[in-house]
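Listed below, chain by chain, are the residues.
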Amino acid sequence: MLPSQLKKLSRPLSAQKLSAENRLLRFQLATSQGDLNEAKLLLAAVLRLVEQLATCPPNQPILQRALQSITQEVSAQAAALHIWSPQEHCFRLSAYHNLSEALQQAWEQLFVDPLHEPIVLPLSNGFQEVHPVPIYAGSEIIGLLTACWEQVGQSGRYEQEFLKQAAMLLSLLIRGEEQRMFPAASNDLTPDAFVSMLSHDLQAPLSLIIGYAEVLLEGYFGPLAEEQAEQIRTIQASAQRAADLITQLSDIFKLSQGQHTLELAPYAIDQLLQEAIEKLQSFLKDRQQHIEISVEGTPPPIAIDGERIKEALTLLLHYIARRAPTQSTLHVKISVASRQDEEKLVLTIALEPQATLQGPYQKTEQRSKSLSLFIAQTMIQLHGGQVIWLDPQHDGELVRVELPITHAS
Amino acid sequence: MMNKKILVIDDEPELIHLLSIFLSTAGFEVISAHDGPQALQALERTSPDLIICDMVMPGMDGIATVQAIRQHPRATTLPIIMLSARGQTQDIEQALDAGANDYITKPFRGADVVATVKKYFMGEPVNAAVPAEKVV
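As given, the protein sequences belong to chains U and Z, one line each in that order.
Our numbering puts the first sequence at residues 1 to 409.
Our numbering puts the second sequence at residues 410 to 545.
These aren't lab readings, by the way, just hints derived from the structure by calculation.
No experiment lies behind these values; they were computed from the predicted model shown.
Glycine included, each C-beta is placed from N, C-alpha and C at the ideal position.
Hints are supplied without guarantee of correctness; some may be wrong.
[To be verified] Derived, one-sided and incomplete: chain Z residues facing chain U with beta-carbon distance under 8 Å:
id	residue
1	P422
2	E423
3	L424
4	T434
5	M469
6	I513
7	F517
8	R518
9	G519
10	V523
Using the sequences and the hints, build the whole thing.
Encoded structure:
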């Protein structure tokens, strides 16, 4: 599945606007997930489901018959079985578990935007009509239950009700299996709670380090020699940097979860860039480095969260300056580029000629080891922009930051 | 004029000690409690002029503590400042809704803590340094 197709699928679509192509893509996505172990787990869950359903008095005769007639199929993709409906129509029941994140999002969009009718697809195994039902764990879709009919129009109210009940029971069974297999998952620690815990438990000791450093530097317990004070300032600055990273990490997590929102307002990027450089002055001075800004044309103000973009630029420039030679100069060119009918504001960061960055920075795996860079890039992506790393041989240009221009009024 | 009494509620003794250094040097008397129930007892025994309360504490958390304090007849108008790690903005909103007046984010600078506290005693003189921390 191409990323562009996934992006397309993750957009909300009304049921009426869904094209046959989109429906097909969604279905293919569902059938391409899972592995043999998951399939076995699901099969066990489905069998237990059928056993449970078979004990339900209202549908007992039908389900007992279904149980006797089960054709077990374990494929590499899912657990499947055949069941006969009261109208004597055969339908194939399949369950899919551990969907990819992108697929989960696509299905969540689909079911937020309800699609009640079955999907008509000419499948290779002779089935024509597909009815997908999400399997929930709380509000999260963790899998799909699908039923396929041989003929269009065979699915009726009974089958749809059966699917709903089956999906509900299956979600309980799957969650039970997960908790049995992965006991650590049973303490209900959500990602949000984990980030809050991480933030609090790391910020608390850092607060003490920073605070006691201040106590010593301010001379609460007597004067310090200049060299002692210098070491304590280093402790304080390092702890502050760690605390800032934790705060920023927590912030981008909450932004991506929708718990925090970007505070967009019109900003002149050259001004923000200048402020970011100001924040690095002490670091640049120690390394005898300079950062020069040049502006091409007259870029318009752009609608961004000024404080957050400033932090992202500071982290990005700090990352590059740390790897640039001492006594070197970084050049940042601000320009506007039009691409695919979209105007973008571009910051191109380059080293002076003949200078190169130290270390294999150009390798993605090296860059992925930097938390500060991860935060900077994610923040820019959350603004709809991107950070593009360039071939260092190309005119000394290292990186290009692109931000979409939303004309700010 | 008597010293202004600040009740600091935090489950970490080191943090109470640190705040005590900043506040006592600025002329405030510091009393402390390590959790919500102890804070309510302190409120009974003493009459603090301002409370600093940590957000995350085992058992009764900061929000529940502030709500309980606000029920006390002596504390209906008492200034309460929450201490919170940055990034817990939603919690801060909850704390303000629960009755807190202000908040300080961790990590904090001593000067900022003192300035925030002094804001609530504008125009009232505060004595010079007093002995640090008296645990209730």
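Comparing the hints with the structure gives:
About 11 Å separates the beta-carbon of P422(Z) from the nearest beta-carbon of chain U, more than 8 Å, and the hint is not met. A cut of 8 Å between beta carbons decides the hint on E423(Z): the least distance to chain U is about 5 Å, and the hint holds. A hinted interface residue such as L424(Z) counts as satisfied when its beta carbon comes closer than 8 Å to some beta carbon of chain U; here the least separation is about 6 Å, so the hint holds. The restraint placing T434(Z) at the interface with chain U holds, with a minimum CB-CB distance near 6 Å, inside the 8 Å limit.
A least Cβ separation of about 16 Å between M469(Z) and chain U goes past the 8 Å threshold, and the interface hint is therefore violated. At a threshold of 8 Å, the smallest CB-CB gap from I513(Z) to chain U is about 10 Å, leaving the interface hint violated. Taking 8 Å as the C-beta contact cut-off toward chain U, the hint placing F517(Z) at the interface holds, the least distance being around 7 Å. A hinted interface residue such as R518(Z) counts as satisfied when its beta carbon comes closer than 8 Å to some beta carbon of chain U; here the least separation is about 6 Å, so the hint holds.
Checking G519(Z) against chain U: minimum C-beta separation of about 5 Å stays under 8 Å; hint holds. This hint is violated: V523(Z) has a C-beta 11 Å from the nearest C-beta of chain U, more than the 8 Å allowed.
Violated hints, in rising order: 1, 5, 6 and 10; the structure is consistent with all others.
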